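Colleague: Letter by letter, the chains look like this.
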Amino acid sequence: MNKFGFLVYKDFLLLARDKAGLAMMFLMPLLLVVIMTHLQNSAFLAVHESHIPLLLLNHDPDSLGMAIEKQIGQPGVFEVHKTIHGEPLTEEMLVKAVSRGDYMVGIVVPEQATMQIRKNVKRYVMGAFHGQAAPSPTDSVQITIYLDPVIKSSFRTTLMSALREYAVRTESDFIFNEIIAEVNRISPVPVAAVRPARHQVIFKEQYASLKEPDKIPNAAQHNVPAWSLFAVFFITISLSGNIIREREDGSYTRLRLMPCPYAFYLFAKAAVYFCVCTLQFAALMLLGVYVFPLLGLPALDFGIDYFALAFTCISSALAAIGYGVLIGKVAGTHQQAAIFASISVVIMAAVGGVWIPVFVMSPLMQLLSRISPLNWGLEGFYDVFVREGTLAAVLPECAASLLFFAGCTATAIWYNKRKRITL
Amino acid sequence: MMPAAITVKHLKKTYRGNTAPAIARLSLSIAQGAVFGLLGPNGAGKTTLINILCGLRSFDEGEVHVHGYSLPGQWKEIKPLIGFVPQEIALFPLLSAYENLKVFGGISGLRGAALEGCIHDLLSKFGLEQSKRRYLKTLSGGMKRRVNLIAGILHRPKILFLDEPTAGVDVQSKQVILENLREINRQGTTIIYTSHYMEEAETLCSRVAFIDGGEIISEGTPAELISQQPGCASLEMLYLQLTGTSRFQV
Chain R
17 MNKFGFLVYK DFLLLARDKA GLAMMFLMPL LLVVIMTHLQ NSAFLAVHES HIPLLLLNHD
77 PDSLGMAIEK QIGQPGVFEV HKTIHGEPLT EEMLVKAVSR GDYMVGIVVP EQATMQIRKN
137 VKRYVMGAFH GQAAPSPTDS VQITIYLDPV IKSSFRTTLM SALREYAVRT ESDFIFNEII
197 AEVNRISPVP VAAVRPARHQ VIFKEQYASL KEPDKIPNAA QHNVPAWSLF AVFFITISLS
257 GNIIREREDG SYTRLRLMPC PYAFYLFAKA AVYFCVCTLQ FAALMLLGVY VFPLLGLPAL
317 DFGIDYFALA FTCISSALAA IGYGVLIGKV AGTHQQAAIF ASISVVIMAA VGGVWIPVFV
377 MSPLMQLLSR ISPLNWGLEG FYDVFVREGT LAAVLPECAA SLLFFAGCTA TAIWYNKRKR
437 ITL
Chain W
859 MMPAAITVKH LKKTYRGNTA PAIARLSLSI AQGAVFGLLG PNGAGKTTLI NILCGLRSFD
919 EGEVHVHGYS LPGQWKEIKP LIGFVPQEIA LFPLLSAYEN LKVFGGISGL RGAALEGCIH
979 DLLSKFGLEQ SKRRYLKTLS GGMKRRVNLI AGILHRPKIL FLDEPTAGVD VQSKQVILEN
1039 LREINRQGTT IIYTSHYMEE AETLCSRVAF IDGGEIISEG TPAELISQQP GCASLEMLYL
1099 QLTGTSRFQV
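Chains R and W, in that order, are what the protein sequence lines are.
So the first sequence is numbered by my numbering: it starts at 17 and just counts up by one.
So the second sequence is numbered by my numbering: it starts at 859 and just counts up by one.
Hints listed in this document are in silico derivations from the structure and should not be mistaken for laboratory results.
Derived Cβ-Cβ restraints for the label pairs, each shown as a range: (1) W:A889 <-> R:A39: 51 to 57 Å; (2) R:M17 <-> W:S1085: 49 to 55 Å; (3) W:R874 <-> R:F356: 21 to 27 Å; (4) W:T1061 <-> R:S360: 53 to 59 Å; (5) W:E935 <-> R:Q382: 50 to 56 Å.
Just so we're clear, the structure is a prediction, and the values are computed from it rather than from any experiment.
By construction, the Cβ of each residue, glycine as well, lies at the ideal position given by its N, Cα and C atoms.
Chain W on its own, in the form it takes in the complex:
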């Protein structure tokens, strides 16, 4: 069995002014080299969990270890090991795609030919070579998403956090993103990813966890989870059974 990339024990987080916890005594272990899907409805605690794992948010109770380093104390050691692709396009609109990547790659520690080579390679793989000189604000939504992803993987992180990386993109862009994620994973990067697209998670993830109300309600490989639940033929059906359909009924 692969050693754990991430270990979470009895994690608890309550936002100020709220009585219900966003994360309620959650425990989790993610093996190195996995593609781990965090699935759940809006407000389930997925983004909070990812932010805590990245060190962007504090937590009230529990233990979090990322690649053997504990949070929050060893955040500095963790930062070079992780890549983060947030939900929003976290890039500079007045810089070109190339300039954005040069800045983020440079700050990550890449230099000279290695940086240029890496940018060129990834822009080609993601089909952006022709558009690299255009200001980010002039690119299409799908192109921006791709640049957003490249900015998170330029420095070849050991663990990559993706918060809904394919939200709102066209089919072609989605395919390019997913194919490249598989390749990154094959090269040894652990991927932790949140999504609302169950079909996408089913094909991409080696393991998934359903999270609702800040708790993990089910965890396993997609095949295991589907087979364990009678009458379920897909992750989407399982998801609806686990999280319920009544919450949006009028």
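So here's chain R without its partners, still in its complex pose:
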């Protein structure tokens, strides 16, 4: 073993014997990842995929009523209820239930709605073919929609668009049928009711990933890397505390008088804490892959480039270690370091998009997020997990993290030298 090896041996033993510290470093983030993913997964499903409770009072057992019932009953957005606690629904019950917030939406389809549309359409067609009067606006069918006041306007717009589409589709079916029937009445040659394809314009949606176009980001792909980074950066408390403890108990003074460069002392600590960070990443990633599905959470997909993933982990870990070393060197006391490290990591996490994704932040905060090392790491992981990026894609973020590590370590070494000269 050389001098560096002895320093690593010392730091490894000290860390391994700090059972409480180790438990904090591993159990806390594991728990945090599971809880936060559960919370965010629920929120994610509530908005995007789950079943918004909807009350439907359909007085029209004909085409329009059936079409609306069929469309909104399709798996996806709504959870359709036609009774409350087994009792047949009335409009009064529906209004009360929605106003109480038990259901977010209530829809009332009036009686004879289809009949009325059919009648109106017939009058339009007759008017077109035989010059008869068109129906007045008062003859329109009115579908009433009750909305929970807390519902977001964007959601209301989406809902209205969907219902309008069902109504228009039903109406156009009737118009088509009536025109065919009328043409057959006046034409000697029968016209077949060949319907055009339902949609002449189709929309293709796909996520902008580089390799697999159908890959959809999920809560695991955000939370596992986000909270892993948070945990990795939280080792700054332990690392800076370790440096200050050695300074306070005098063992650092003895080490300074040993024939050994100061950089060895720092890099030995960095090596040991780097192993801790790597293990933290590994534990949390494996949790995402193997344990999340057992807990009903989406599984983490490692993406396609393991080198890019490893490089992102390494650079983020080094950024955290550099920061811890700098705090340990500059802070005057253990308490000062612990408070500063914890608060600054929480701020960097918040700004960096660990709690709230960066894209929902204000433009100023989005700009600020770019200075957070946690954001560099998180963007790197998004590149790997969500955008299916390779080593080239993560290079900018990893380079920023590595520069941060180099900057912090160089500052710590410079500060140490300056301090010795002025002591």
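Chain W: place on chain R using the hints.
Modeller: The following block gives chain W in isolation, referenced to the frame of chain R:
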């Protein structure tokens, strides 16, 4: 006459924010192979002087040479030549006595059998062989002091700095420490040592210097100093005469 292990000329050091200097134009020469005692009251400048001689603190004026190398420029060359035993237990509480010594010995440059042999030898001499696997934090105060001393002499330094090595230890531990210091000195190590225990200094030191207010107020062999001062029968009496007794009177 032996060549100087340490030469200090017109040394001055004032801490930031203080007007009075901690060391005021102090000059000193310590011969190789000496056991040199730095004696004086609290705040006299003993620890500051030792820290400067070790390269741990900067100084404002003067010259300091350790074994022919000047400070602060040649600190790297000086480090392998010196051993330092600070006042506090400068060891890792969560490592055993053996592990502490292995780490400090290893960083000093000792390897393999030489390191193991050295640790084993010193642990036996200091009566710690039975306790070497215990975590340092579980050892008694006297045992910790002994491990603290061993960590400073493992690499057989040419000059050993000791800052109150026997402070707060029991009589047995003190005897073990002093006997071993004499043996280390016999093997050629120069010892520079601070203490408040005058009797201990009188028996251990070949030369002593009384330091007060950052200045050396008297220097010589214990016998010389005692004989030069009328009415003094011991270093302790001389110390009280030189530094005064009035400072703590209410």
